[in-house]
Amino acid sequence: MHAPNATTPSAALAGTPLARAGAGLDLCVHCGFCLQACPTYLALDDENDSPRGRLVLMRGLLQGDLQLTDESVTTHFDRCLGCRGCETACPSGVPYGTLIEATRATLAQRRPLPAVARFLLRVFRHPRLLTLALAVARAARWTGVPALLARLPRDVSFPFAMLESTRGRDAKPSYAPAAVAEGPRVALLTGCVMEGLCATTNRATERVLAHNGYQLVDAPGQRCCGALHAHAGDVPAAQELARANIAAFERSGADFVVTNAAGCGSILKEYEHLLADDPAWRERAKGIAARSRDVSELLAARGPRRGGPVHATVAWDAPCHLQHAQRVVQPPLAVLGAIPGLRVVPLVDSDQCCGSAGIYNLVEPDTSHRVLDTKLARIDASGADLVVSSNPGCLMQLGAGLLSGGHRARAVHLVDLLDASYAAEAGPHAT
Amino acid sequence: MRDSATSGDTVMMPDAALSPKLKSGGGPLPHLRPRSTEELAELLRHAPPTSTYRIVGAGSWPGIADRITANSLIDLSGLHGITEYVPGDLTLTARAGTPLSVIAATTAAHGQWLPLDPWGADDGTLGATLATASAGPLSASIGLPRDAALGITVVDAAGTIVTAGGRVVKNVAGFDLVRLHVGAWGTLGILCEVTVRLRPMPAADRTFAIALPRGARDLATLLSTMQRSSPAPLATELVNAPLAAAMGLPAVDTACVRWGGAAAAVMAAVDDLARTAHLVEIPTSAWAMLRSSEPHDATVVRYSTRPSELPVLWHAITHAAPSDARLHATVARGVVRVMASAEHQAQVIAATAPRQPAIIVERGFQLRRPPTAVDRLNQTIRGAHDPARRLNPGLMDHARA
Amino acid sequence: MLPVGVERELADIVGARFVLTRPGELLAYTADGLPGYRHDPALVVLPGNREEAIAVVQLLARRKVSFVPRGAGTGLSGGALADGTVVVGLNRMRRVLDIDVVNRWAVVEPGVVNAHLTRAVAPHGLHYAPDPSSQTACTIGGNVAENAGGPHCLKYGVTLNHVLALTVVLANGEVVTLGSTSGETEGYDLLGAFIGSEGCFGVVLDATVRLTANPPAVRTMLADFPSIDAAARATSAIIAAGLVPAALEMMDQPTIVAVEASIYAAGYPTDAAAVLLVELDGPDAGIDADVAAVERWCRDAGARDVRVATNELDRQRLWQGRKKAFGAMGRVSSHLVVQDAVIPRTRLPEVLGEIGRIGREEAVTVCNVFHAGDGNLHPNIPYNGNDPGEAARVERAMVRIMDACIAAGGSVTGEHGIGIDKLPYMPKLFSEASLAAMCRLRDCFDPERRLNPGKVVPVRSCKEWTMAPAARA
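Residue numbers (the numbering used here), protein chains in the order written: chain A, 26 to 456; chain B, 663 to 1063; chain C, 8 to 480.
Hint data in this document are derived by calculation from the structure and do not stem from the laboratory.
Careful, some of the hints might be misleading.
Said to hold, decoys possible - Restraint ranges, calculated between C-beta atoms of paired labels, are given here:
1. C:18 - A:48: 34 to 44 Å
2. A:370 - C:323: 19 to 29 Å
3. B:740 - C:248: 29 to 39 Å
Ideal placement from N, C-alpha and C gives every residue a C-beta, glycine not left out.
Produce the complete structure using the sequences and hints provided.
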């Protein structure tokens, strides 16, 4: 008859991030509406792998009924994609994303992250290592070897298929963006993976923004956004990266910080929360967060300008960090609506995660692949030639899955599609 | 697809062979006529252990008495009258012996009705309608008798008064004894008082006759067009030529279609169907004629199949049945009801065997078949409620080994 | 304690991954949608298909182990809790086995989510009519166990009216089919008895359910009232006038405010004392006249404003707010009691007045969100459970509210079931003899009382029926 007892942290966890976030647990009324919104529950069929189940486990930890060292408990936190699909299903507003990150941060204080995760997070934290790693990846992609390896069984081939899926299209016909002098000034968060492996999409982003009346400004000194670190529980690293980016974007003088990577956009908007305990940075973080936009938001604010026809059947697959974390739902559809000739077909459960989830697909490959398989089946059923998304992780996950599974559809970034439309309008001779 | 098909082990048994006539010398049974639930309970509590009872409402249901091997009779006509009727709630509580015609007259004054139309006629009682769960043409759209029952008071074989359900339209308090007793033929306890859900009477209530086309395919087309009309018909019943004649209609195979609702909506549905079929409006009283057109000496068998298979089954049955047999079919439920002699029923059963309809014998004879797990469960329930088989002995017991 | 070896034998049937025994992993299964009660199960087993489910039930029968079937755990009466016994979770059995578009029925496994069934048949212009507010999460198996309702049950009927047949495995491991697509069966209405038996009579393996054609025309209206009494009078007027809306829902101000603060904000007027959400559906012809009539009755009762949803998006928004209202109350306070009672519809103004009075006297906030057209109340009270004084007042208010509903000729549950939460009210509704009759029926299905023990009927009512019926016959 009554909701659970309000959570009173046990002494063992006092002062941990989970204890600080624990009040959020009291909002849960246990209604279970989140279950069907959770890809890992659907893939694994155990309520411990659902948001409601994980909230119960968090409460168990806080109240001292469960121990952080109990692997049968922590494994369910590890398996969370962090997609936050549950948040947009939750009537009582449980801040699940905050809670899972706090849980992971608390866990990280007690036990090391998996070796793969530690390695990757370290690379993303150090600009030189990252530049080197991405250069190696590009070189490998250029050799064509990953394309061959991608045909091997999925257990071994998946990372290669992901890399192969980032191969940009061959030189596109370009167009001259309408020049503007007084549009809003925007600085692009170039992103690590985006600039390293999908630079063509970054250039397309600059073109479509300019074509819609925005002035691009540089923001030198920007680094990785820190999202991967925050999600994995490495809060100090995320904070360090956030400070560097805040400083860089302040210096740029931009009206908006724009990103074409939903995961990055999500953490930009949460910088204030990330640095809430840092009085020197809190206000500055708030300022940058308030000025951060997904590229689709800026485009939709301007219409966007209609382009030339692109004849394709497409399905929109919403990145979790766009739909659930940023709650940006309509703008990408407005962008698709600006492209004549497109047949947009519905994709069942388009708001559910594809299983990419940052580095999740590398540290929890089994669950990731189960989640991906459901997504691929939905894509096949939709009849789409192109599945459109707007986050590098999702595009690589979907791209690799489609590639290695022999599916008909291909994955494409929303901005690349709009760019193609503008190019089509300009005609084959435009440069 | 869920209809249990009759198996090759099915054997027809005449009723007489299974249940010999009473040993009481054929004279009238001791006749008990309680005036209240409490009196009935008292009576059963103090009855001699050898007493067994046939339970009667208005006594208007033909044929079934032969199957009951009781040595006394409980007549429920003394339990009559509406005990509570709040028109604003659309619920009504009445004693079991209240005739449906009384309820109809009372509720009609408030623009409401109890849409139960059992085979027989409106002089039958509310208690009998629910105890037999006799489902007429309206059942296909409005629901079975079990769907109308909200609450009951019963007296069990030991004379204990049990209530279940209530007087509200939605209720899930406790195990559903209401559903258990509806259709139980009084074998688990005697229904004494019942609360039912009423409905607003439709503003327009019109019935039309359509002569049936000859081929099964044309019939299928007509039926699917009718079922898809908006609003859906309140009732769609096929009647064969002899039955149509008995109802005062031209002696041809006919579909009777009834629509109810806002006048404009009914008109739209009629106009729509009139584009593909020839409709003749007939009086609503045709339905009462249909329900009371049952020859008292006939055996009655119901065949059911998926509604989409009904046209084929209907054709198979009309060809196998003698020319004077009366047949009708409730389209949306896929049920064909056949009134004929026992010998002719055997022909129909044999002729329809390849179509594997589910077969239920209402009266005249019984079908013996090997007991199933469900039969055993039924017997467990019967035994738990009336171990000595004192209430309507012979009924709900046919699968007993 | 489970008999030795049961865990291993279950793992042999379903695979070790689907047998949970560690305390941490059992924690998620200690509560259902009503988390005020927590019972620790001994083990959770999750069969993946029909054969596994039958084998699991047969094994538990052989080893004489009690168990509780569980769907999505969204129930609101504590019905799916297992106190030291086994939970058999059916969420993995979620295939739609057959859709018969012509005859309008579907055969589904018990773990199919209610809303997913409607999604599966939507391309054919059909839907599954019972729509409990938890329909995006709850399962058909759970709906059958609880005889679930929902807003549209006002016109279309509850689960009982939409299930044509069930294949179930009984406590003894025997598999039986109850009911038939034509409604024609010999013997007792075992299908009707099974629906709403709260997991005490058997485990559903598949359900054949009726599908309903989508109505050609739908109009959704929001009427806004300056007092609860006015809204209650409008409800009584609509029902008494003989119009059957598809749904007729009421929400009072505290509920409206909670919904409007949530992500499901529907644009309800937060300054209204109550709103009615009225949906009319049917043929195009005549529907606008009905809309006008409803609007007139609402205004006659004192409505400040009546508006009709202008498009499908608007309509869905109005409904989402209603359906997520219970969850939205989580943000009001740390604790919440959820209730479910039914009263005759003519008594709405009077009983709602009484509920308001009880709330004021006990100084608690009652949030009313309910199926007004059916007289099915959901008085919910958010409160701070860490304040013992407030908790005691809430407890007292709840008992007084339920007593008021019983006194008005009502019932203590319209759709949530008895479970364990409402056991104390059963003797207020039914005599000892009637409760014993319920136990008698249960014993026919499960003579050893191993299925969902301790639920629905207070245990002491069953004492006199200690011997198995088969032995007594």
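Right, here's what the structure says about each hint:
1. C:18 - A:48: 34 to 44 Å: holds, 39 Å
2. A:370 - C:323: 19 to 29 Å: Taking Cβ atoms as reference, residue 370 (chain A) and residue 323 (chain C) lie about 20 Å apart, which means the hint holds.
3. B:740 - C:248: 29 to 39 Å: This hint holds: roughly 37 Å between Cβ atoms.
Checked against the numbered hints above, the structure violates none of them.
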